[in-house]
Amino acid sequence: MQKQNRWGYILTLPFTIHFIVFFAFPFIFSFYLTFTKWDMFNAPDWIGMGNWTKLLTDKPFWYAIRNAALFAAVFVPLQTIFALILAFFLNQAIRAKSFYRVIYFLPVVTPWLAGGTMWRWMMNKTYGLANYMLSLFDIPPVDWLDSKYWWLPITSVALVNVWKGVGSSMIILLAGIQSVSKELYEAAALDGATRWTLFWKIVFPIVSPMIFLVLILSTISSFQAFDVFLVMFSSPDIVSDQKLTPNILIYKDAFLTSKMGYASAMSWALFVLIISVTLVQKWFEKRWVHYE
Amino acid sequence: MKKGLLVLSASMLALSLAACSSGGEKPAESAKPGDASKSPEASKAPKQMTLKIGLPGSYDVTKKEIIDGFIAKNPNIKVELVEAPWGDFVKKIQTEIAGGTAPDIWFQENAVILGYGKRGVAEDLSGYIKKDLKQDEYISGLFAAQSSDGKVYGVPHGINPIALAYNKKMFTDAGVPLPTKDWTYQDMLDAAKKLSKDTNGDGKLDQYGFGASSSITVGWYPWTRSKGGQVLDETKSKAMFTDPKSLDGIKTWANLVKDGISPDADFYTAAGGDWKAFASGKVAMFFMQYSNSALINKDFPNLDYDTIEIPKGYDGKRLVPMVTNSWLIFSKAKADAKEAAWEFMKYYLSEEAQTVLAKSGAALPVNKKAMTQLDTNASPKNKKAYSDGIAEAGVTLDENPSWNEWRLAAQPIYSDIYAGKLTPEEGVKQLQEKVQKVLDDNK
Chain A
1 MQKQNRWGYI LTLPFTIHFI VFFAFPFIFS FYLTFTKWDM FNAPDWIGMG
51 NWTKLLTDKP FWYAIRNAAL FAAVFVPLQT IFALILAFFL NQAIRAKSFY
101 RVIYFLPVVT PWLAGGTMWR WMMNKTYGLA NYMLSLFDIP PVDWLDSKYW
151 WLPITSVALV NVWKGVGSSM IILLAGIQSV SKELYEAAAL DGATRWTLFW
201 KIVFPIVSPM IFLVLILSTI SSFQAFDVFL VMFSSPDIVS DQKLTPNILI
251 YKDAFLTSKM GYASAMSWAL FVLIISVTLV QKWFEKRWVH YE
Chain B
293 MKKGLLVLSA SMLALSLAAC SSGGEKPAES AKPGDASKSP EASKAPKQMT
343 LKIGLPGSYD VTKKEIIDGF IAKNPNIKVE LVEAPWGDFV KKIQTEIAGG
393 TAPDIWFQEN AVILGYGKRG VAEDLSGYIK KDLKQDEYIS GLFAAQSSDG
443 KVYGVPHGIN PIALAYNKKM FTDAGVPLPT KDWTYQDMLD AAKKLSKDTN
493 GDGKLDQYGF GASSSITVGW YPWTRSKGGQ VLDETKSKAM FTDPKSLDGI
543 KTWANLVKDG ISPDADFYTA AGGDWKAFAS GKVAMFFMQY SNSALINKDF
593 PNLDYDTIEI PKGYDGKRLV PMVTNSWLIF SKAKADAKEA AWEFMKYYLS
643 EEAQTVLAKS GAALPVNKKA MTQLDTNASP KNKKAYSDGI AEAGVTLDEN
693 PSWNEWRLAA QPIYSDIYAG KLTPEEGVKQ LQEKVQKVLD DNK
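For the record, the sequence lines run as chains A and B. Residue numbers for the first sequence follow the working numbering, so the first one is 1 and each next one is one higher. Residue numbers for the second sequence follow the working numbering, so the first one is 293 and each next one is one higher.
Among the clues, some could well be false.
The list that follows gives simulated cross-link-like pairs (lysine-lysine, DSSO-like), each with its CA atoms no further than 30 Å apart [to be verified]:
#1 K252/A <-> K383/B
#2 K59/A <-> K726/B
#3 K486/B <-> K125/A
#4 K37/A <-> K489/B
#5 K148/A <-> K721/B
#6 K37/A <-> K626/B
#7 K726/B <-> K252/A
#8 K37/A <-> K530/B
#9 K460/B <-> K519/B
#10 K148/A <-> K496/B
A few chain B positions that, by computed beta-carbon distances, are all more than 12 Å from chain A [what the hints assert, rightly or not]:
#11 K339
#12 Q340
#13 Y420
#14 D424
#15 Q427
#16 T464
#17 T476
#18 G552
#19 Y639
#20 K651
#21 A670
#22 Q703
#23 Q728
#24 K729
In case anyone wonders, no lab produced these hints; they're calculated from the structure. Glycine included, each C-beta is placed from N, C-alpha and C at the ideal position.
Please construct the entire structure, taking both the sequences and the accompanying hints into account.
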């Protein structure tokens with residue numbers, strides 16, 4: 001008995017060490033850092049609630065939160081709806097079904113640097129393809145990524161993010177749709193159900209747990225979005241306040257201006273925000289998600 | 293059964309460890325050990341020392357001959373070089389400082405060195421300088437890294453001032469007289485207007501008289517001060533953007549695109565950068581940093597251009613901004629390494645090494661004798677535009693320990709003003725607020 005236990009401990013040791021070093025310790029240490037001022041060279045300097053009170057009135061941080069909220073509000077519904085529609089159609093008997101599935105999944109595996117740079121050029125105000133298309137209809141060029149209306153660049157990036165992520169959500173939802181058994185379809189057809197009713201009353205309830213999962217995951221990832229903004233906007237050290245997003249701001253303060261304490265406070269604030277949003281979503285869960 | 297399970301879990305563990313490490317960090321780019329000299333077996337007097345030198349920009353910015361010369365003269369010092377392109381080096385150095393693994397000596401912008409000094413990252417060199425250097429052999433730029441309390445945190449790697457560069461052919465083709473030392477900003481803009489043309493009749497300008505920039509050294513700093521305004525005050529603790537003279541200078545700069553004299557930011561992106569736009573004949577004049585000449589001469593060897601001092605401001609005063617890169621000694625280096633690092637700095641400031649620097653055209657030396665050795669055969673031939681310029685009117689970009697933070701805070705606002713998204717009036721209010729906040733936070 002003893003010997004078995006010993007081997008158990010030994011073999012799980014790498015995982016335990018990894019967990020402590022890369023998760024548990026940073027988690028606790030960064031919480032400690034939120035009460036300090038640390039330039040990463042000298043020892044951390046305890047300042048109590050200083051960072052937290054600064055957070056409440058710091059304009060760049062609240063601009064970033066506002067932008068993240070808009071980003072989530074545009075990105076999550078669009079991506080989920082598109083993914084659901086695509087999954088539903090790609091589950092039918094169409095020709096070249098696998099070909100379409102591959103095409104829609106390709107953006108997911110495209111590195112952000114490649115895809116993002118290309119989109120960035122397409123949305124360029126003077127030389128971009130998007131404005132060229134508009135000019136064919138005599139519409140004046142729009143500054144997609146650098147407009148003086150703060151919501152336009154965020155929305156543009158959200159659209160690009162939909163393009164990038166719809167494939168993976170589609171795969172998850174497809175798995176869900178495929179679990180709807182054939183007999184249900186046949187029974188419903190016998191009872192005279194239209195395509196629309198079929199979708200809403202049969203498919204949707206069965207797939208709702210998957211949809212719920214996709215919603216939660218994409219909301220969390222949209223608040224955490226970093227690389228998409230890194231590629232589409234200019235370098236993080238010179239991004240204007242109106243276009244900031246939380247992780248870009250945290251990166252800028254932590255690594256470019258060495259304000260680790262304040263950056264940790266912002267990270268924790270973001271964490272609390274994401275948890276709250278997720279809890280709100282979970283509260284609605286019982287009202288519309290159907291479990292067998 | 294049990295044995296098989298053991299073997300299986302052990303191999304899974306091995307696989308996952310391998311996967312972990314390959315997905316982990318690549319410390320690669322930095323540690324490319326350069327020349328390491330072998331120490332003589334019978335070492336008598338000189339102590340054996342090791343020295344790790346960081347070289348951002350590699351040999352494009354720091355001449356190999358200088359490094360080799362040092363190694364040859366100091367056989368008892370084992371030199372290890374850490375080279376990386378500038379951007380990569382700067383990104384990594386922060387974490388290396390935090391982790392204590394930074395090189396013993398490296399260089400960065402002087403203002404960053406001042407910030408390091410304040411934090412305690414850079415060693416105070418004032419004692420060494422007093423002991424080993426004859427100060428009258430150097431221009432005042434030697435003390436660029438001196439803080440307000442008298443400590444000196446670095447020695448210059450090279451001075452990089454700006455001057456007005458002009459394309460001789462474009463001027464003669466348009467029949468416009470070449471720039472002179474007595475030009476004012478207004479003379480420059482008048483000439484630029486004559487040189488801005490729509491050469492293919494499509495209604496859009498393809499050739500611009502003056503290539504204004506939205507960056508600090510050749511863009512908003514000189515222009516904000518062009519009408520007598522200031523960016524920071526003399527104590528470097530108060531922002532001066534809302535001063536009417538500063539606002540006036542900014543307004544003129546912001547109108548350059550509207551007035552058809554300068555191209556917009558997208559034009560530069562398509563051309564590949566401001567010096568490329570100049571070198572490919574799309575722009576007739578621009579404020580050029582000294583270090584650009586090496587790049588232009590390499591990629592555009594047939595360009596017929598020259599330089600003249602930055603024009604006098606509207607108030608009659610000339611201002612020649614300069615950027616200095618400075619060497620610093622890492623405060624957490626071992627005592628031996630610090631000594632070796634000072635030996636390197638001494639060598640770098642010696643007439644021999646400074647002459648190599650002068651001839652290379654990468655930056656201006658601080659050694660007075662070496663300054664007479666500038667290569668007047670390579671373009672721009674009138675290099676005195678730079679050396680006389682800083683002798684007459686050299687200014688830094690209002691460097692102080694929080695320079696990096698406040699100038700990064702100001703940059704996006706200036707870019708928005710240049711792009712026409714913010715009016716200058718609204719812009720200076722934001723600049724004043726943001727920059728003053730940084731200055732106050734870092735008192």
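Verification of the hints:
{"no.": "1", "hint": "K252/A <-> K383/B", "verdict": "12 Å, holds"}
{"no.": "2", "hint": "K59/A <-> K726/B", "verdict": "11 Å, holds"}
{"no.": "3", "hint": "K486/B <-> K125/A", "verdict": "28 Å, holds"}
{"no.": "4", "hint": "K37/A <-> K489/B", "verdict": "55 Å, violated"}
{"no.": "5", "hint": "K148/A <-> K721/B", "verdict": "17 Å, holds"}
{"no.": "6", "hint": "K37/A <-> K626/B", "verdict": "27 Å, holds"}
{"no.": "7", "hint": "K726/B <-> K252/A", "verdict": "16 Å, holds"}
{"no.": "8", "hint": "K37/A <-> K530/B", "verdict": "24 Å, holds"}
{"no.": "9", "hint": "K460/B <-> K519/B", "verdict": "28 Å, holds"}
{"no.": "10", "hint": "K148/A <-> K496/B", "verdict": "24 Å, holds"}
{"no.": "11", "hint": "K339", "verdict": "29 Å, holds"}
{"no.": "12", "hint": "Q340", "verdict": "29 Å, holds"}
{"no.": "13", "hint": "Y420", "verdict": "22 Å, holds"}
{"no.": "14", "hint": "D424", "verdict": "28 Å, holds"}
{"no.": "15", "hint": "Q427", "verdict": "31 Å, holds"}
{"no.": "16", "hint": "T464", "verdict": "31 Å, holds"}
{"no.": "17", "hint": "T476", "verdict": "31 Å, holds"}
{"no.": "18", "hint": "G552", "verdict": "16 Å, holds"}
{"no.": "19", "hint": "Y639", "verdict": "28 Å, holds"}
{"no.": "20", "hint": "K651", "verdict": "34 Å, holds"}
{"no.": "21", "hint": "A670", "verdict": "32 Å, holds"}
{"no.": "22", "hint": "Q703", "verdict": "4 Å, violated"}
{"no.": "23", "hint": "Q728", "verdict": "14 Å, holds"}
{"no.": "24", "hint": "K729", "verdict": "10 Å, violated"}
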